[in-house]
Amino acid sequence: MNLDAAFSAMADPTRRAILARLALGEATVLELAKPFDMSQPAVSRHIKVLSDAGLILQRVDGTRRPCRLAPEALSDVDRWLAMLRQALSANYDRLDALLAGMDSTGKDKK
Amino acid sequence: MSKLTLKTEGDTHVVVTRRFQASPEKVYRAHTEPELVKKWLLGPEGWSMPVCINDARPGGKIRYEWADAKGNGFYLTGEFISLEPFRRIVHVERMHMPDTTPDNHVETLFEPDGQGTLMTMRMTLPDAATREAMLATGMDQGMEQSYQRLEKVI
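From first to last, the protein sequence lines stand for chains A and B.
At position 30 of the first sequence (counting the first as 1) the number is 30 in my numbering, and the numbers step up by one without a gap.
Each number in my numbering comes from the position in the second sequence (counting from 1) with 1000 added on.
Be a bit skeptical, because a hint or two may be false.
As the list claims (entries may be wrong) - Just a few of them, taken from the derived set where beta-carbon distance is under 7 angstroms, the chain A residues facing chain B:
| no. | residue |
| --- | --- |
| 1 | 4 |
| 2 | 34 |
| 3 | 38 |
| 4 | 89 |
| 5 | 91 |
| 6 | 92 |
| 7 | 95 |
| 8 | 99 |
| 9 | 102 |
Quick caveat, the hints were computed from the structure, so don't treat them as lab data.
In this text the structure is predicted, and so the values were computed from the model without any measurement.
Cβ coordinates follow ideal geometry from the N, Cα and C atoms, glycine included.
Okay, chain B solo, but in the shape it has when bound (with noise of 0.2 angstroms):
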């Protein structure tokens, strides 16, 4: 079994949950240190994060800059709401690849489970149309279906 879920809720939300084998304070750690950051956010193999930038305090900023070994790259940009350390971080984010997406709403708990932690991260795309837009694409099976006949026809 995965130890990712990825899953939405209600008409705005997708939540993603994951378990680590480490106390909430070092999760929450690797998430708000640039130092720890680069070294795991990264994406797909082969990507590199030049620029890591996490100024993790209300209305802090936040860019995160990944590149690959042929030149590609894209970028991240965002803001802190709040933060209670070793607990919950809300942020909100954009992808800049070079089209901006949405705005994301991101509020993520960490919490402690047996001796380990339970991640929860539970995203708010601007609207539901949004999310919608992003479930049509295929997170929805009737779709994914849909995909499987397209690419016998194409």
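Okay, chain A solo, but in the shape it has when bound (with noise of 0.2 angstroms):
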């Protein structure tokens, strides 16, 4: 999973409308098409974008190709951004202990 892809399939308004419906269910291109006015096959671009960062999976019933969100890849963005928040929570926990051991001439005291 390419987080630079994701970042970049996700940049465009209509992906982030596309995986929002996606995360309520599968649907098809003519479903997903419904909400916007766009094509067909502008939608089916928007698709290939999301499907090429790895962000959905397509399957093959039939005629249709419905769609839908590929969980462990957004987990992997979402794992990012959770890694931040307690990245820095524990950071200026342990800056916080550290700081009550500096004196106040400037030299740490450990």
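The task is to assemble the complex, starting from two chains supplied on their own in separate frames and drawing on the hints.
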């Protein structure tokens, strides 16, 4: 999973809306195109970008190609953000302890 | 109540605030002296920072390398843009995990707050799109609910 590809795929509001719709469940290209004032080929292109980025999966069902979210891909990005929050909190808690041990002359007491 | 706040501002910013019970001078030094930085800027438990380069002057390089006991590692590179001792640091940074994350332009302010310090870290992502991508992945309630639904169906 490539974070760059995922970020750039999610940079487009239409593609984010498609992801939000797919979070509710599987949908066909036709169903995904409905809320947008957009041709089916245009929606298909967005779907290809999301699919190439590993964010969604498409299966074959007769003539239909239903799409769904690739949960493990999104959770990779999500994990990165959660890590950022957690890391910041853990860091600053450690910094509190470090600051408590510093004296006012600018030397680190240890 | 958590001491850390993390919120968005405008189209491209993420703002983190945190209060410390120490003077702005101490908090600033803990951000600019490698011997101090490597003691706290470690992320989740279990990680250490074997390489901590922090050349705190305009144009000076930043390189932090983290490692855990299992041999995993990642690193961050960056450059300082400007520094006003004990008050303000401006730098740019990016993570290598090993994919490189988009450049994050960071302004960190240290303001007196009673006996302590209010630190405000303002991150600016390169464009609205990148920040929106961050939002779409978990800071947004709607998506969080979607994930919860998602977990039920997996």
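Going through the hints against the structure:
Interface hint at residue 4 (chain A): satisfied, since its Cβ lies 6 angstroms from the closest Cβ of chain B, which is below the 7 angstroms cut-off. Taken as an interface hint, residue 34 (chain A) does not check out: its beta carbon lies about 19 angstroms from the nearest beta carbon of chain B, beyond 7 angstroms. The interface hint given for residue 38 (chain A) is broken, as the beta carbon of that residue sits about 19 angstroms from the closest beta carbon of chain B, more than 7 angstroms. The interface hint given for residue 89 (chain A) holds, since its Cβ lies 5 angstroms from the closest Cβ of chain B, which is under the 7 angstroms cut-off.
Interface hint at residue 91 (chain A): satisfied, since its Cβ lies 6 angstroms from the closest Cβ of chain B, which is below the 7 angstroms cut-off. The beta carbon of residue 92 (chain A) comes within 5 angstroms of a beta carbon in chain B, closer than 7 angstroms, and the hint placing it at the interface holds. Checking residue 95 (chain A) against chain B by beta carbon gives a least distance of about 4 angstroms; that is within 7 angstroms, so the hint holds. For residue 99 (chain A), the interface hint holds, since its Cβ comes within 7 angstroms of a Cβ in chain B; the closest pair sits about 4 angstroms apart.
For residue 102 (chain A), the interface hint holds, since its Cβ comes within 7 angstroms of a Cβ in chain B; the closest pair sits about 5 angstroms apart.
Hint violations for this structure: numbers 2 and 3, all remaining hints satisfied.
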